[in-house]
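K.L.:
Residue-level listing of the chains:
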Amino acid sequence: MRTLVLAVPGWPGHLAGQHVDVRLTADDGYQAERSYSIASAPSANDRLALTVERLDDGEVSPYLAGELRIGDTLELRGPIGGYFVWDIAMGGPLLLVAGGSGICPLMAMLRLRQSAGGTVPTRLLYSSRSLEDVIYRDELDALAAMGSSLEVIHTLTREQPPGWEGFHRRIDAAMLSAVGWPPTDRPLIFVCGPTPLVESVADALVNLGHEPARIKTERFGPTGG
Amino acid sequence: MSEQQFHLDGNAAGGLLQEVFVHDITDARGACAACGAVGEMGAQHLYMFPLAPGAVLRCAACEGVLMVVVHAGGRFRLGLRGLAWLEMKETPGSS
Amino acid sequence: MSFVSRAFKGRPRDQSRDARVPPGQYVVRDFPVLSAGPTPRTSLAEWSFSIEGEIDEEKHWSWAELRALPSETVTRDIHCVTKWSKLETTWEGVSVDTLLEGVETAAEYVMAFCDGGYTTNLPLEDVTGGKAWIAFAFDGQPLEAQHGGPARLLVPHLYFWKSAKWIRGLRLMNDDSPGFWETYGYHMYGDPWLEQRYSGD
Numbered sequence: 001m002r003t004l005v006l007a008v009p010g011w012p013g014h015l016a017g018q019h020v021d022v023r024l025t026a027d028d029g030y031q032a033e034r035s036y037s038i039a040s041a042p043s044a045n046d047r048l049a050l051t052v053e054r055l056d057d058g059e060v061s062p063y064l065a066g067e068l069r070i071g072d073t074l075e076l077r078g079p080i081g082g083y084f085v086w087d088i089a090m091g092g093p094l095l096l097v098a099g100g101s102g103i104c105p106l107m108a109m110l111r112l113r114q115s116a117g118g119t120v121p122t123r124l125l126y127s128s129r130s131l132e133d134v135i136y137r138d139e140l141d142a143l144a145a146m147g148s149s150l151e152v153i154h155t156l157t158r159e160q161p162p163g164w165e166g167f168h169r170r171i172d173a174a175m176l177s178a179v180g181w182p183p184t185d186r187p188l189i190f191v192c193g194p195t196p197l198v199e200s201v202a203d204a205l206v207n208l209g210h211e212p213a214r215i216k217t218e219r220f221g222p223t224g225g
Numbered sequence: 001m002s003e004q005q006f007h008l009d010g011n012a013a014g015g016l017l018q019e020v021f022v023h024d025i026t027d028a029r030g031a032c033a034a035c036g037a038v039g040e041m042g043a044q045h046l047y048m049f050p051l052a053p054g055a056v057l058r059c060a061a062c063e064g065v066l067m068v069v070v071h072a073g074g075r076f077r078l079g080l081r082g083l084a085w086l087e088m089k090e091t092p093g094s095s
Numbered sequence: 001m002s003f004v005s006r007a008f009k010g011r012p013r014d015q016s017r018d019a020r021v022p023p024g025q026y027v028v029r030d031f032p033v034l035s036a037g038p039t040p041r042t043s044l045a046e047w048s049f050s051i052e053g054e055i056d057e058e059k060h061w062s063w064a065e066l067r068a069l070p071s072e073t074v075t076r077d078i079h080c081v082t083k084w085s086k087l088e089t090t091w092e093g094v095s096v097d098t099l100l101e102g103v104e105t106a107a108e109y110v111m112a113f114c115d116g117g118y119t120t121n122l123p124l125e126d127v128t129g130g131k132a133w134i135a136f137a138f139d140g141q142p143l144e145a146q147h148g149g150p151a152r153l154l155v156p157h158l159y160f161w162k163s164a165k166w167i168r169g170l171r172l173m174n175d176d177s178p179g180f181w182e183t184y185g186y187h188m189y190g191d192p193w194l195e196q197r198y199s200g201d
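If you're matching them up, the sequences are chains A, B and C in order.
Residue numbers are given in my numbering: position 178 of the first sequence equals residue 178, and the series is strictly consecutive.
Residue numbers are given in my numbering: position 68 of the second sequence equals residue 68, and the series is strictly consecutive.
Residue numbers are given in my numbering: position 172 of the third sequence equals residue 172, and the series is strictly consecutive.
So that you can see chain A by itself, here it is in the shape it has in the complex (with noise of 0.2 Å):
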């Protein structure tokens, strides 16, 4: 994982959830273009964070989380969205459901409502394959000390560290029944994530009874990286 950030003159601000779209063009012409979402709260100067997950197989990926350096210039459409986002204004309380890179249009929204003063309460449910893949893992934990009505939920998928407590198995009904609100407090749901983990998860909340036009899905897939 890399975290790059981008000084954008004339950036005219975002909202928490938004992304913008990365073009790359080689010396042939060839064009190669991916969506990032915006890691970085909203905030008064030109700059904006976007954090990249290197895949291997990947095409862009290696040349953001590899290449790029520090001078380099990138061809940037947006900010871009305008249903998948949150503003302090739209209250809470707030279920935020992450699997993988998921998180990072979530910590925009973390992010937002700590430098807003935290007070909205939140629960994240954040799905990876192990800690070591956990992505701003210290944040979090640094966020959700603060005492400010975050609770974040861990599930580890695949390995998990000795000792582990928390779920080891992949987000369903069960899990979000008990992590997240009940229907009866009118959560505002926001879900990130590969595209089956997306699916089965506004599923199993609608089952659950929350309504379906409080949650909002963004669904991330495996586009070429």
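Please note that the accuracy of each hint is not assured.
As the list claims (entries may be wrong) - Label-pair ranges, simulated between beta-carbon atoms:
| # | chain 1 | residue 1 | chain 2 | residue 2 | range |
| --- | --- | --- | --- | --- | --- |
| 1 | B | Phe76 | C | Ser62 | 37 to 47 Å |
| 2 | C | Thr90 | B | Lys89 | 46 to 56 Å |
| 3 | C | Thr90 | A | Leu55 | 28 to 38 Å |
| 4 | A | Thr3 | B | Leu78 | 52 to 62 Å |
| 5 | A | Asp46 | B | Lys89 | 20 to 30 Å |
| 6 | B | Gly64 | C | Arg67 | 31 to 41 Å |
To be verified - Which stretches of chain C does chain B cover? Using the computed rule of at least three CB atoms under 8 Å from a CB of chain B, they are:
| # | segment |
| --- | --- |
| 7 | 90–103 |
| 8 | 176–184 |
What the hints assert, rightly or not - If you want a taste of the chain A side facing chain C, the calculated C-beta under 10 Å gives, among others:
| # | residue |
| --- | --- |
| 9 | Asp21 |
| 10 | Tyr30 |
| 11 | Tyr63 |
| 12 | Ile70 |
| 13 | Thr73 |
| 14 | Thr157 |
Just so you know, the hints here were simulated from the structure itself, not pulled from any lab data.
Glycine residues also receive a C-beta, built at the ideal position from the N, C-alpha and C atoms.
Starting from the known structure of chain A, fit chains B and C onto it as the hints suggest.
P.N.:
The following block gives chains B and C in isolation, referenced to the frame of chain A:
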């Protein structure tokens, strides 16, 4: 590549749609002309380059084609027949 | 376009000006999966293939009937409009000539129609004369669902969007009419050697 076709959703077409529409489409609500289901375009199923030669947005309820966008040869061609209506917000992210 | 990303190479692509690679294409070794919709899952018991339209009597084959017909194994290069080409692909299928044996028609065009609703149009002469097959195996194995199984149309001399996946029949037409991608701007014919990708090319 595994057997399963991993479609994305309307969020991933947001950048392309920004080139065509003034207002954000991911948060636009629309009605499927085939089954009547109403929902935000960001929640609908997307089949798009590099997985398809254009962007095909399909109804999450019935998989009927809602919208097709092909950007090629210096043009954007839109197919909108699958939407009975489409409603956009003036300000993205507002309620 | 003048912007170039410093040191960006992109996926390995064979840019050799090999005469067997059409203009604007690059050669790949994998087999990319492209689709305009969800993968249909039609059981072989339900599957049928039809020839209909401008024909006196429609013709139908069940899966067993199709497989009982003589089939051929062919090796061809295939070219996708999204610019990748794959060389020496091996398919097994029933020649469309076999299916059209005995069919009398004045039609000059066909519309291939498929599970999931996909369609694509072709001149009749481009699916006859040994140029097209209903293919049910790729590389010696039954055709995978994501690549169009149980059977797809195979028309290698045209861009591969014409090789309709999940084909269920051909409708004979007197006049040309745009199929799915053709309606949205892709070329009505699609000759890779003339780079006929989009209408107006």
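K.L.:
Are Thr157 (chain A) and chain C close enough, Cβ to Cβ, to be under 10 Å, as the hint says?
P.N.:
Not OK, violated: Thr157 (chain A) not within 10 Å of chain C, min 25 Å.
K.L.:
The hint says 52 to 62 Å between Thr3 (chain A) and Leu78 (chain B); measuring C-beta to C-beta, is that right?
P.N.:
Violated - the Cβ-Cβ distance for Thr3 (chain A) and Leu78 (chain B), about 36 Å, lies outside 52 to 62 Å.
K.L.:
Please verify that hint: Tyr63 (chain A), Cβ, nearest Cβ of chain C, below 10 Å or not.
P.N.:
Cβ of Tyr63 (chain A) sits 5 Å from chain C, so the hint holds.
K.L.:
Please test the hint of 46 to 56 Å on the beta carbon pair from Thr90 (chain C) and Lys89 (chain B).
P.N.:
Given about 52 Å between the Cβ atoms, the range holds.
K.L.:
Verify the CB-CB distance for Asp46 (chain A) and Lys89 (chain B) against the hinted window 20 to 30 Å.
P.N.:
Hint holds: Cβ distance 26 Å, inside 20 to 30 Å.
K.L.:
Going by Cβ atoms only, is Asp21 (chain A) closer than 10 Å to chain C?
P.N.:
violated (14 Å)
K.L.:
Holds or violated: 31 to 41 Å for the Cβ distance of Gly64 (chain B) and Arg67 (chain C)?
P.N.:
Given about 32 Å between the Cβ atoms, the range holds.
K.L.:
Next item in the hint list is Tyr30 (chain A). Is there a CB on chain C closer than 10 Å to its CB?
P.N.:
holds (5 Å)
K.L.:
Mind taking a look at whether chain B covers the segment 176–184 of chain C? Criterion is 3 or more residues with CB to CB distance under 8 Å.
P.N.:
Held - the segment 176–184 of chain C has 3 residues with a Cβ nearer than 8 Å to chain B, which meets the minimum of three.
K.L.:
State, for the Cβ atoms of Thr90 (chain C) and Leu55 (chain A), whether the hinted interval 28 to 38 Å holds or is violated.
P.N.:
Holds, since Thr90 (chain C) and Leu55 (chain A) (Cβ atoms, about 30 Å apart) stay within the stated range.
K.L.:
Please check whether the segment 90–103 of chain C has three or more residues whose CB lies within less than 8 Å of a CB on chain B.
P.N.:
violated (count 0)
K.L.:
Less than 10 Å between beta-carbons is the criterion; does Thr73 (chain A) satisfy it with respect to chain C?
P.N.:
Holds - the Cβ of Thr73 (chain A) comes within 10 Å of chain C, reaching about 8 Å at its closest.
Comparing the model with each earlier hint shows violations of hints 4, 7, 9, 12, 14; every other hint is respected.
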